[in-house]
Amino acid sequence: MAIIRTEKLTYKYSEGTPFETTAVDHVDLEIEEGAFIGVIGSTGSGKSTLMQHLNGLLRPASGKVIFDGMDIWADKSRLRDIRFQIGLVFQYPEYQLFEDTVYKDIAYGPANMGLSESEINERVLEAARFVCLDEQQLSQSPFALSGGQKRRAAIAGVMALRPRVLILDEPTAGLDPMGREDILREIKAYHRETGCTILFVTHSMEDIAKCTQKILVMDHGSVFCYDDTAAVFRRAEELEKIGLSVPQITKICSRLRERGIQLDDNIYTVKEACRQLAECYNKRKAGGTDA
Amino acid sequence: MLKDITIGQYFPGSSLLHKLDARFKIVFTLLYIVMLFVGDSFFSLAIGIAYCIFALVLSRLPVRLFWKSLKPLLPILIFTVILNVIFITDGKVYFQLGIFKITEDGISTAVRMAVRIIFLIIGSSLLTYTTSPIQLTDAIERLLSPLKKLHFPVHSFAMMMTIALRFIPTLMEETDKIIAAQKARGANFESGKLIDKAKALVPVLVPLFVSAFRRAEELATAMECRCYRGDIGRTKMKQMKSSCRDWIALCITGIMLAGAIAVNTAF
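Read top to bottom, the protein sequences are chains A and B.
Quick note on numbering: the numbering used here labels position 277 of the first sequence as 277, and the sequence is numbered without any gaps.
Quick note on numbering: the numbering used here labels position 49 of the second sequence as 340, and the sequence is numbered without any gaps.
All the given hints hold, so there is nothing to weed out.
In silico DSSO-like cross-links for lysine-lysine, where the CA-CA straight-line distance does not exceed 27 Å:
id	chain 1	residue 1	chain 2	residue 2
1	B	K468	A	K12
2	A	K64	B	K468
3	A	K104	B	K490
4	A	K251	A	K283
5	A	K150	B	K468
6	A	K104	B	K468
7	A	K76	B	K490
8	A	K210	A	K188
9	B	K484	A	K104
10	B	K359	A	K12
11	A	K188	A	K104
12	A	K210	A	K271
13	A	K285	A	K251
14	B	K527	B	K440
15	B	K488	A	K76
16	B	K359	B	K488
17	A	K150	A	K104
18	B	K468	A	K8
Far from chain B by the CB rule (all over 10 Å, computed), these chain A residues:
id	residue
19	D28
20	M70
21	M178
22	I261
The calculated label-pair distances, taken between Cβ atoms and stated as ranges, are:
id	chain 1	residue 1	chain 2	residue 2	range
23	A	S141	B	N479	19 to 27 Å
24	B	L492	A	S118	22 to 30 Å
25	B	D467	A	C132	29 to 37 Å
26	B	V493	A	D264	51 to 59 Å
27	A	C132	B	T512	28 to 36 Å
28	A	D81	B	V501	28 to 36 Å
29	A	E119	B	F504	31 to 39 Å
30	A	N282	B	R506	52 to 60 Å
These are calculated hints, taken from the structure and not from any lab test.
Source: prediction; values computed, not measured.
Glycine included, C-beta positions come from ideal geometry on N, C-alpha and C.
Chain A extracted, bound-state conformation (with noise of 0.2 Å):
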């Protein structure tokens, strides 16, 4: 069943001013329970403004945003505990951290809820657990932290409200290698033991490869294609003509196809490339020449 659905919501930017641009135009969009889907498209596509819309941070000019099967705007006062259930994580969210501690800044969220100390005590523990930051980095203050410490934390800060939508915008953006991996790796566990469902906006077609089980492209606030990850990568020069593009690995594949080396048109892994492509040198020494 769909958590999240939209219904031709429509967004405008400085509305009634010479600098009027439609952000989001018209989008339909059903997002089921418990999926992982990337969100991707050009530097204002308006993934950004529709990611914020759905959490109701950003009232619609006209559509209706529908969470449960209600519409989130039917009930101003049922806002706030629609924006705890849909967590929200911003670009760069080490900018909102402003607590003394780390422990403090991720207990604010659940704080906010009005739970009990012992609740709050052990959703922030679970929180930090899932971004893997100890005890002693818990009671430091969040400005002593490295880069991606501190993006972590701020992540922490969102999943210690336990929503049952996680929307991440460019979580892995300006974090060197390795601090990437460690919170694709991170919300992939997330994923798996929380079972939440889980929007993931990204530039990097790599990491989007590696986690989703979907894609919604955006091209000039609509949606361009909403579909299973392979399809949507089989469509790698519609991908390029707005602004797109496919992992590296898939272009690869693609060139080698082209010189007759039988790969499927359907791998966006590294992994996947070695498997087949193993597979591919096991059937040559078999068969000798013929292939």
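Use these hints to put chain B onto chain A, whose structure you have.
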């Protein structure tokens, strides 16, 4: 919420008013303010208003914008009107309640004051709406340059203003973003007692200050990297040149001002 603030914003355009030299526009604004306040009679005020409306038409900006810049100042305006009505007790009495008298003079002063404030705001918004911040600070630097002789740091002052103006939208955007992010974690800015509301601002102000200092440091480094060292030997990419239309506009403004003064003494 913050995106609705339009004071000091620049709206690019190609109208005559946009094209006028910024130095002249500042002078015009000053003369216009004199025009509004010089006379007591409604007739001299009318000349100022006519001047403003004329400029407004020339700017080709939607009137809605000016309403937007007026709106946040309405409480001050209403307050001023009430004060004037209550405390000026000369002239014919219309209504009396205890020591409070509403008189003819009180009402007429209040109305004049309100009209002056409204047109003061419209006129000065007209300056910032049609002049880019860079032009504006350049013009101020040029207009204040005689003060250099008195060792007043005109250039540093202008640079400070440029930076401040440049960062208003950036910091507003940043504030919006931080507010949104804390709202996503359940921050509540709307309800609660005054003290709760003040406390709710901490999660916004701390990151905002941190980022302002970070930006200041980055900007300073970037300026040093490009060998910035004040105005010593510094030239301008865009030279300010006054043209025929600036002088014509100055003449018109001068005549209107003279008219306002003359009308005031005549009536």
